[in-house]
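Heads up: the sequence lines are chains V and Y, in that order. Each residue of the first sequence is one higher than the last, beginning at 1 in the working numbering. Each residue of the second sequence is one higher than the last, beginning at 1 in the working numbering.
The set of hints was computed from the structure by calculation and includes no laboratory data. Please note that a few of the clues may not be correct.
What the hints assert, rightly or not - Derived lysine-lysine pairs resembling DSBU-like cross-links, with alpha carbons at most 35 angstroms apart:
{"#": "1", "chain 1": "V", "residue 1": "Lys365", "chain 2": "V", "residue 2": "Lys343"}
{"#": "2", "chain 1": "V", "residue 1": "Lys271", "chain 2": "Y", "residue 2": "Lys271"}
{"#": "3", "chain 1": "V", "residue 1": "Lys336", "chain 2": "Y", "residue 2": "Lys183"}
{"#": "4", "chain 1": "Y", "residue 1": "Lys336", "chain 2": "V", "residue 2": "Lys248"}
{"#": "5", "chain 1": "V", "residue 1": "Lys183", "chain 2": "Y", "residue 2": "Lys268"}
{"#": "6", "chain 1": "Y", "residue 1": "Lys9", "chain 2": "Y", "residue 2": "Lys60"}
{"#": "7", "chain 1": "Y", "residue 1": "Lys183", "chain 2": "V", "residue 2": "Lys248"}
{"#": "8", "chain 1": "Y", "residue 1": "Lys85", "chain 2": "V", "residue 2": "Lys248"}
{"#": "9", "chain 1": "V", "residue 1": "Lys85", "chain 2": "V", "residue 2": "Lys72"}
{"#": "10", "chain 1": "V", "residue 1": "Lys268", "chain 2": "Y", "residue 2": "Lys183"}
{"#": "11", "chain 1": "V", "residue 1": "Lys183", "chain 2": "Y", "residue 2": "Lys271"}
{"#": "12", "chain 1": "Y", "residue 1": "Lys183", "chain 2": "Y", "residue 2": "Lys271"}
{"#": "13", "chain 1": "V", "residue 1": "Lys321", "chain 2": "V", "residue 2": "Lys151"}
{"#": "14", "chain 1": "V", "residue 1": "Lys271", "chain 2": "Y", "residue 2": "Lys9"}
{"#": "15", "chain 1": "Y", "residue 1": "Lys248", "chain 2": "V", "residue 2": "Lys183"}
{"#": "16", "chain 1": "V", "residue 1": "Lys321", "chain 2": "Y", "residue 2": "Lys183"}
{"#": "17", "chain 1": "V", "residue 1": "Lys183", "chain 2": "Y", "residue 2": "Lys365"}
{"#": "18", "chain 1": "V", "residue 1": "Lys72", "chain 2": "V", "residue 2": "Lys183"}
{"#": "19", "chain 1": "V", "residue 1": "Lys9", "chain 2": "V", "residue 2": "Lys126"}
{"#": "20", "chain 1": "Y", "residue 1": "Lys271", "chain 2": "V", "residue 2": "Lys365"}
{"#": "21", "chain 1": "V", "residue 1": "Lys183", "chain 2": "Y", "residue 2": "Lys126"}
{"#": "22", "chain 1": "Y", "residue 1": "Lys336", "chain 2": "V", "residue 2": "Lys183"}
{"#": "23", "chain 1": "Y", "residue 1": "Lys271", "chain 2": "V", "residue 2": "Lys268"}
{"#": "24", "chain 1": "Y", "residue 1": "Lys321", "chain 2": "V", "residue 2": "Lys183"}
{"#": "25", "chain 1": "Y", "residue 1": "Lys9", "chain 2": "Y", "residue 2": "Lys151"}
{"#": "26", "chain 1": "V", "residue 1": "Lys343", "chain 2": "Y", "residue 2": "Lys183"}
{"#": "27", "chain 1": "V", "residue 1": "Lys60", "chain 2": "Y", "residue 2": "Lys248"}
{"#": "28", "chain 1": "Y", "residue 1": "Lys183", "chain 2": "V", "residue 2": "Lys271"}
{"#": "29", "chain 1": "V", "residue 1": "Lys343", "chain 2": "V", "residue 2": "Lys151"}
{"#": "30", "chain 1": "Y", "residue 1": "Lys268", "chain 2": "V", "residue 2": "Lys268"}
{"#": "31", "chain 1": "Y", "residue 1": "Lys248", "chain 2": "V", "residue 2": "Lys85"}
{"#": "32", "chain 1": "Y", "residue 1": "Lys248", "chain 2": "V", "residue 2": "Lys248"}
Claimed, not checked - Quick list of simulated restraints, FRET-style, between CB atoms:
{"#": "33", "chain 1": "V", "residue 1": "Gly349", "chain 2": "Y", "residue 2": "Gly313", "range": "51 to 57 angstroms"}
{"#": "34", "chain 1": "V", "residue 1": "Gly363", "chain 2": "Y", "residue 2": "Ala91", "range": "44 to 50 angstroms"}
{"#": "35", "chain 1": "V", "residue 1": "Phe274", "chain 2": "Y", "residue 2": "Phe49", "range": "36 to 42 angstroms"}
{"#": "36", "chain 1": "V", "residue 1": "Pro70", "chain 2": "Y", "residue 2": "Ser299", "range": "46 to 52 angstroms"}
{"#": "37", "chain 1": "Y", "residue 1": "Ala375", "chain 2": "V", "residue 2": "Gly68", "range": "48 to 54 angstroms"}
{"#": "38", "chain 1": "V", "residue 1": "Gly349", "chain 2": "Y", "residue 2": "Lys336", "range": "55 to 61 angstroms"}
Bear in mind the structure is a predicted one, so any value in this text is a computation, not a measurement. Note that the Cβ used here is the ideal one computed from N, Cα and C, for glycine as well.
There are 2 protein chains.
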Amino acid sequence: MATLGGPTKKHKVTVIGSGNWGSTIAKIVAENTRAHPNLFEEEVQMWVFEEEVTLPEDSKYYDASNAGKPQKLTEVINTCHENVKYLPNIALPTNVIANSSVRDAAKDSSILIFNLPHQFIGRTSKQLEGHILPYARGISCIKGVEVAEDKVSLFSEWIGEGLGIYCGALSGANIANEVANEKWSETTIAYDPPTMDSRSPSRNPSPSDNVSASPNMEHKDVRGRSSVSLSGALKNIVALAAGFVEGKGWGDNAKAAVMRVGLLEMVKFGKEFFPETVRVETFTEESAGVADLITSCGSGRNFRCAKMAVERGVTVAEIEKTELNGQLLQGTSTAKDVNNFLKARGRDGEYQLFTAVLDILEGRKTVDDIPDLLARADDP
Amino acid sequence: MATLGGPTKKHKVTVIGSGNWGSTIAKIVAENTRAHPNLFEEEVQMWVFEEEVTLPEDSKYYDASNAGKPQKLTEVINTCHENVKYLPNIALPTNVIANSSVRDAAKDSSILIFNLPHQFIGRTSKQLEGHILPYARGISCIKGVEVAEDKVSLFSEWIGEGLGIYCGALSGANIANEVANEKWSETTIAYDPPTMDSRSPSRNPSPSDNVSASPNMEHKDVRGRSSVSLSGALKNIVALAAGFVEGKGWGDNAKAAVMRVGLLEMVKFGKEFFPETVRVETFTEESAGVADLITSCGSGRNFRCAKMAVERGVTVAEIEKTELNGQLLQGTSTAKDVNNFLKARGRDGEYQLFTAVLDILEGRKTVDDIPDLLARADDP
């Protein structure tokens, strides 16, 4: 680390979001700010979308005098130091401070870590606009991309442009509960901000070096937010296909075959539509690429729901209804969006797996058709 | 397919080897020769290392009049059309003919498919030398490479040079029993023989096009026997590491991280020592590469034994003794050979995962050291 010439302003870090993954990231960040007091303010604000929770009688935080009375989630977090609703049984460092006001949470922060459902990005950015430090930097932990017919946009760019700041991206083989339980894990951070200028709070140009430096979570900086974000979106389509094949009981050869073709199409999609910005190596070498694909096809939600659908002989849409309370899987909407995007370019015949998944989801093909549908997948 | 100008001699195909994988390949080959009578002689000879088997009373082939009397394995195969010892409960096509003489089995064959334990290559080649058609072509289904301190040799080249013929290589995410049960599967065939000359039995230059064309097993021809064979060897080291991590219960993130670093080192090894002959894409795009790695780290033998060793708190060598009757895992010897090869070149510090696996196998490090040992794995 560069020696700093005298006292400088420290970084204040805020985590925007407090779900399963958001709370996990807040835990790591707070451990790091505590471990590096020369660089960071210890307190980490975490924005919580306020809701009321009622602690059950068997909760260790149950208070008889308060029996049955709903409490604010922020208050429970700040009292119990645990996000009892979204990351139960994991102690949060006491320097994580839940805050229901996103503006107040982000005030004076030089590092903003976005970790919320992508549907909230627009609204939250609006609330923050004009209320953050002009030299703040962001990192988006929101996996995926927004695919419209006419273009693919990165969530990190959407956030960055909305707020007028640089925003990097973090993605990887990161099942939140495993990370929260301090199991060894890697991630990929694409963070390559423009050179700092005089507005910078310190002359040390690399806040990202420490953000995720936890003994249990290692990261490698890479250029290429596009690859990281694309990979995080497209792998969900592949995970659906892997779930279909596993649900049929076709064995490990078939599942590996589907994953191989999926990786091939992820790389091809990146090369074809993002020739300037995509790093092929991110897909094949980084935690955000092949490793995240492996994890997603091993125990991810898209994989599990697709497998369940085949085993029960119902559609994935039915599983979304009955098992996810109608919440949609990331993979189903991405499959639709990506295929629309391809069709708009006359390229829908060229991505056999992506198209097969949509055709199966929409009932035009069945899982038994997969071998035939993928027969041309290796053609250049 | 090219139209042939009049009658030509047909291909005769022989499978050298009859274990679990050899018998499976013989099944596919015999289905194909039957389906393409214009190209192939129907009968497929399969060389069987003769041994005696005694059918148990509950075998469907048990013959009371013959009770308890050992029979020759070749006779059982040719009577029951099943390899009761190495591929039980799978019907072999009746045109698979077991033969205990390797010379007789290979006589007049234009296509020789090698599928036997690599320890038998030298001896078997010696027996065949001078007794095969001079224009025969081979395909080796023997995974891996021979790594000595001074060089890495491909089994396919060893066979080809020993017999004075061209020999291609087949490798992929191919668990034999899944293929034998006709589950959908892919493989990679590296088959790029020199142009046929006048000794060729037909003007159709591509016997490989049909060899593996089964409805359940698809293949893609690629150049690059080196990549296919190297990948088949190195993935076993990675599978040990994945087993170690899984045995510790570290979860999917950690396993994916180990597999990612393993793939990285496989590619790096290929690029560094086989710059002329290795195709990087084979590792990252082919069935013989990333797909085989996934399968091997999912249910392969190296993976399972390493996991078991950690769970029971014993060494892998002990598992080899107690669970494999002293048979050695491919991964343990490859780890040793590859590290010796690297050491001889002063490059042993540069392959963290390969070295970590050997150090753990030999007791110099423990599985708990893996995160630290891999911390530099992404350095160029």
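Take the C-alpha atoms of Lys268 (chain V) and Lys183 (chain Y), compute the straight-line distance between them, and say whether it is at most 35 angstroms.
holds, 27 angstroms
Is it true that the C-beta distance of Gly349 (chain V) to Gly313 (chain Y) lies inside 51 to 57 angstroms, as the hint says?
Given a distance of about 54 angstroms, which is inside 51 to 57 angstroms, the answer is holds.
Pair hint outcome, Lys336 (chain Y) versus Lys183 (chain V) [Cα-Cα no greater than 35 angstroms]
With a Cα-Cα distance of about 29 angstroms, the restraint between Lys336 (chain Y) and Lys183 (chain V) holds, given a limit of 35 angstroms.
At the C-beta level, are Phe274 (chain V) and Phe49 (chain Y) separated by a distance inside 36 to 42 angstroms?
Taking Cβ atoms as reference, Phe274 (chain V) and Phe49 (chain Y) lie about 54 angstroms apart, which means the hint is violated.
Between Lys9 (chain V) and Lys126 (chain V), is the straight-line Cα distance small enough, at 35 angstroms or below?
holds, 27 angstroms
Between Lys336 (chain Y) and Lys248 (chain V), is the straight-line Cα distance small enough, at 35 angstroms or below?
Violated: Lys336 (chain Y) and Lys248 (chain V) sit about 39 angstroms apart, past 35 angstroms.
Does Lys183 (chain Y) lie within 35 angstroms of Lys321 (chain V) when you go C-alpha to C-alpha?
holds, 31 angstroms
Given hint Lys72 (chain V) paired with Lys85 (chain V) - CA-CA distance at most 35 angstroms
holds, 11 angstroms
Would you check the hint for Lys85 (chain Y) and Lys248 (chain V), treating anything up to 35 angstroms between C-alpha atoms as holding?
holds, 28 angstroms
Lys248 (chain Y) and Lys85 (chain V) were given as a pair; does the straight-line alpha-carbon distance stay at or below 35 angstroms?
holds, 28 angstroms
For the pair we were handed, Lys183 (chain Y) and Lys271 (chain Y), check the Cα-Cα distance against 35 angstroms.
The given pair, whose Cα atoms are some 34 angstroms apart, holds under the 35 angstroms limit.
Mind checking the alpha carbons of Lys268 (chain Y) and Lys268 (chain V) for me, to see if they're no more than 35 angstroms apart?
Within the cut-off at roughly 22 angstroms; holds.
Checked against the numbered hints listed earlier, the structure breaks hints 4, 6, 14, 20, 21, 25, 34, 35, 38; every other hint is satisfied.
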